[in-house]
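Novice: Below, each chain spelled out in residue letters.
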Amino acid sequence: MPDSTRVVITGMGVLAPNAHGLADYETALREGRSGIRYYENLKDLKFGCQVGGIPQGVDELKKTYFSDDLLMAMNSSMTYAGIAALDCWRDAGLPEPGSDNIDWDTGAIIGTGIGGADTMCEVVSPQIMTGNARRLGSSMVEQTMASSVSALVGGLLGLGGQVTTNSSACTTGTEALINAYFHIKEGRSARMLAGGVEGSSHFIWGCFDAMRVLGRAFNDRPESASRPMSASTGGFIPGSGAGILMLESLESARARGAKIYAEVRGGHVNSGGQRGKGSMTSPNPVGVQRCILEALKNAGVQPGEVEVINGHLTGTMADPMEFENWRVALGRTPEDFPQINATKSMIGHALGAAGGLECVAAVLELSHGFVHGSVNCEDLHPALVPYEKRIVRQTIDRETRILAKASFGFGDVNACVFFEKWPN
Amino acid sequence: MQKEEAMKKVLEIIGPFAKNQEALKAASPATRILEDLGVNSARLVDIILAFEDEFSIAVDDEAADKIRTLGDAVDMIVQKTAG
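So the protein sequences, as listed, match chains A and B. Basically the numbering used here = 1-based index in the first sequence + 188. Basically the numbering used here = 1-based index in the second sequence + 12.
Derived from the structure by calculation, the hints contain no laboratory data. It is possible that part of the hints are untrue.
[Unchecked claim] The calculated SDA-like cross-link candidates involving lysine to any residue, where the alpha carbons are at most 20 Å apart (straight line), are:
id : chain 1 : residue 1 : chain 2 : residue 2
1  : A       : 251       : A       : 274
2  : B       : 15        : B       : 87
3  : B       : 37        : B       : 81
4  : B       : 37        : A       : 255
5  : B       : 21        : A       : 260
6  : B       : 31        : A       : 326
7  : A       : 485       : A       : 193
8  : A       : 250       : B       : 31
9  : B       : 15        : B       : 84
10 : A       : 251       : B       : 28
11 : A       : 447       : A       : 611
12 : B       : 37        : A       : 256
13 : B       : 15        : B       : 75
14 : A       : 447       : A       : 193
15 : B       : 78        : A       : 325
16 : A       : 373       : A       : 608
17 : B       : 15        : B       : 92
18 : B       : 78        : B       : 40
19 : B       : 31        : A       : 285
20 : A       : 251       : B       : 27
21 : A       : 234       : A       : 407
22 : B       : 31        : B       : 83
23 : A       : 250       : B       : 27
24 : B       : 31        : A       : 289
25 : B       : 31        : A       : 258
26 : A       : 234       : A       : 310
27 : B       : 31        : A       : 284
28 : A       : 250       : B       : 28
29 : A       : 251       : B       : 33
30 : B       : 31        : A       : 255
31 : A       : 373       : A       : 293
32 : B       : 31        : A       : 343
Only chain A is shown next, with the shape it has when bound in the complex (with noise of 0.2 Å):
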């Protein structure tokens, strides 16, 4: 295969609720650090669920990132967003953005869930309810619009190719990352940001907790809180945060001597069409063996080279047809299941960032040399017991080849994408 159709990963960003920066992330993940707290305002508003992952010190940290223009039209997305893509754009080894300069080699496809929910109801709503819509200011729309965060991203770094928003609820971010591997394959560019963005607000996480899909019993041990894969959990902990990853055609990546992290050999997104056991909420299994088994067949992987699994793994009654989906796609037994993980365990479920953080972490596993472990899972589900030699839940090292990711999202929406080890 030509290297200009061939797409590897040359930079990544991340700022989650355990950490921010890669080495923070790669040393938060290795020893199972949660980010996972109780906030007394959610206690205040009679929410059954108080806990969540927001990341922390963002208050301060983004005075360095942002003038103090931008930051009077920047809501919690549009902030982690330009923190996220900066850091990425750095580590990738691109010259710093200057005022003049348009790169039209590379675009963005920057995902969102929810997107401005937080301006949208404590700005917007009370000011249009009270007839003062004349005091909502200039910023209103470029806060709520669904492309807020992939705009806000192609102005700081002068992006010249397609700036664009995908949202596809919690599969948004994998999504995003196969959207833009599609891209750069067909020639459309030679590099995309891509990755999923969710901003903090009780507004997000309060319709999650009205669904009783949250957990609400671990309130006083928050780190203890997500708990993907055990027995006594009680639904997903909301997250938040942005996950962003450079993709580069190898031809762009060795024209410039740019440090490879993995290759994307491929992926697949589809949808059950909410038909069979399929609804609104709930995935159809036919659909997601299928997007699997099509995500193999695009990246020319056997399923018995898929030797990790980073799960979508939430925490909710949905983990174990998770394991199941993998088991009949892949035709394995539980015995010899890949070794499969989950990082929500200390993140939580970040919603539309989930799949862009997480596909940093899987990342970084396949380029380290490590699998991390799930926390909070001791009491394994009944149903999963069978799995337990292939459930990491002590951090361990691998150097693994081939490593699979897959998100799945309300809308019974499924993508999948494997990542190759690139040999330095």
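With chain A's structure known, arrange chain B on it following the hints.
Specialist: Only chain B this time, still in chain A's reference frame:
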């Protein structure tokens, strides 16, 4: 309100929006808000709202549209706070 005091407060309000900090440091009544200070034109709306809050005045669209320079802003504020 005296012009000097109004100018000081106008600069405090416009300062964070100014992309050209050099021009801000050398600001005079003739300094143009958009062209010289590099303020994004969309942000004029926010600057007018900040004037209203700071000086307890009402600035209608017609008055706002006439403001081009720092001096225009100062004159408008002095006039509206005079009586």
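Novice: Determine for every hint whether it applies to the structure shown.
Specialist: Hint-by-hint comparison with the structure:
1. For a cut-off of 20 Å, the pair hint linking residue 251(A) to residue 274(A) stands: about 13 Å separates their Cα positions.
2. The straight-line distance between the Cα atoms of residue 15(B) and residue 87(B) is roughly 7 Å, inside the 20 Å bound, and the hint therefore holds.
3. Proximity of residue 37(B) to residue 81(B) is assessed by CA-CA distance (about 15 Å); at most 20 Å being required, the pair is judged to hold.
4. With a C-alpha separation of about 17 Å, the suggested pairing of residue 37(B) with residue 255(A) holds against the 20 Å cut-off.
5. With a C-alpha separation of about 18 Å, the suggested pair residue 21(B) and residue 260(A) falls inside the 20 Å cut-off, and the hint holds.
6. Only pairs whose Cα atoms come within 20 Å are accepted, and residue 31(B) paired with residue 326(A) is accepted, the gap being roughly 17 Å.
7. For the hint linking residue 485(A) to residue 193(A), the alpha-carbon distance of about 16 Å falls within 20 Å, and the restraint holds.
8. A hinted pair counts as satisfied when its Cα atoms are at most 20 Å apart, and residue 250(A) with residue 31(B) qualifies at roughly 18 Å.
9. With a C-alpha separation of about 11 Å, the suggested pair residue 15(B) and residue 84(B) falls inside the 20 Å cut-off, and the hint holds.
10. Between residue 251(A) and residue 28(B) the CA atoms are separated by roughly 13 Å; this keeps the pair inside 20 Å, and the hint holds.
11. Distance check on the hinted pair: residue 447(A) and residue 611(A) sit about 11 Å apart at the alpha-carbon level, within 20 Å; holds.
12. As the CA atoms of residue 37(B) and residue 256(A) are separated by approximately 16 Å, the hinted pair is consistent with the 20 Å bound.
13. Distance hint between residue 15(B) and residue 75(B) is fulfilled; the C-alpha atoms sit about 18 Å from each other, no more than 20 Å.
14. A hinted pair counts as satisfied when its Cα atoms are at most 20 Å apart, and residue 447(A) with residue 193(A) qualifies at roughly 18 Å.
15. A hinted pair counts as satisfied when its Cα atoms are at most 20 Å apart, and residue 78(B) with residue 325(A) qualifies at roughly 18 Å.
16. Among the hinted pairs, residue 373(A) with residue 608(A) is consistent with the structure: their alpha-carbon atoms are about 16 Å apart, no more than 20 Å.
17. Distance hint between residue 15(B) and residue 92(B) is fulfilled; the C-alpha atoms sit about 12 Å from each other, no more than 20 Å.
18. At roughly 18 Å between alpha-carbon atoms, residue 78(B) and residue 40(B) fall within 20 Å of each other, so this suggested pair holds.
19. Only pairs whose Cα atoms come within 20 Å are accepted, and residue 31(B) paired with residue 285(A) is accepted, the gap being roughly 16 Å.
20. A threshold of 20 Å between alpha carbons decides the hint, and for residue 251(A) with residue 27(B) the separation of about 16 Å falls inside it, so the pair holds.
21. In summary, the hint linking residue 234(A) to residue 407(A) is supported, as the alpha carbons are separated by about 12 Å, within the 20 Å threshold.
22. Taking the CA atoms of residue 31(B) and residue 83(B), the gap is about 19 Å. The hint holds against a cut of 20 Å.
23. At most 20 Å may separate the alpha-carbon atoms for a hinted pair to count; residue 250(A) and residue 27(B) meet this at roughly 19 Å.
24. With a C-alpha separation of about 16 Å, the suggested pair residue 31(B) and residue 289(A) falls inside the 20 Å cut-off, and the hint holds.
25. A threshold of 20 Å between alpha carbons decides the hint, and for residue 31(B) with residue 258(A) the separation of about 10 Å falls inside it, so the pair holds.
26. Distance check on the hinted pair: residue 234(A) and residue 310(A) sit about 18 Å apart at the alpha-carbon level, within 20 Å; holds.
27. A hinted pair counts as satisfied when its Cα atoms are at most 20 Å apart, and residue 31(B) with residue 284(A) qualifies at roughly 18 Å.
28. Proposed proximity of residue 250(A) and residue 28(B) is supported: the alpha carbons are some 15 Å apart, at most 20 Å.
29. Distance restraint check for residue 251(A) and residue 33(B): the Cα-Cα separation of roughly 17 Å lies within the 20 Å cut-off, and the hinted pair is therefore satisfied.
30. Restraint check for residue 31(B) and residue 255(A): the C-alpha separation of about 9 Å stays at or below 20 Å, so the hint holds.
31. Between residue 373(A) and residue 293(A), the direct Cα distance comes to roughly 14 Å. Compliance with the 20 Å bound is thereby established for this hinted pair.
32. Under the criterion of a C-alpha separation no larger than 20 Å, the hint pairing residue 31(B) with residue 343(A) is consistent with the structure, at around 14 Å.
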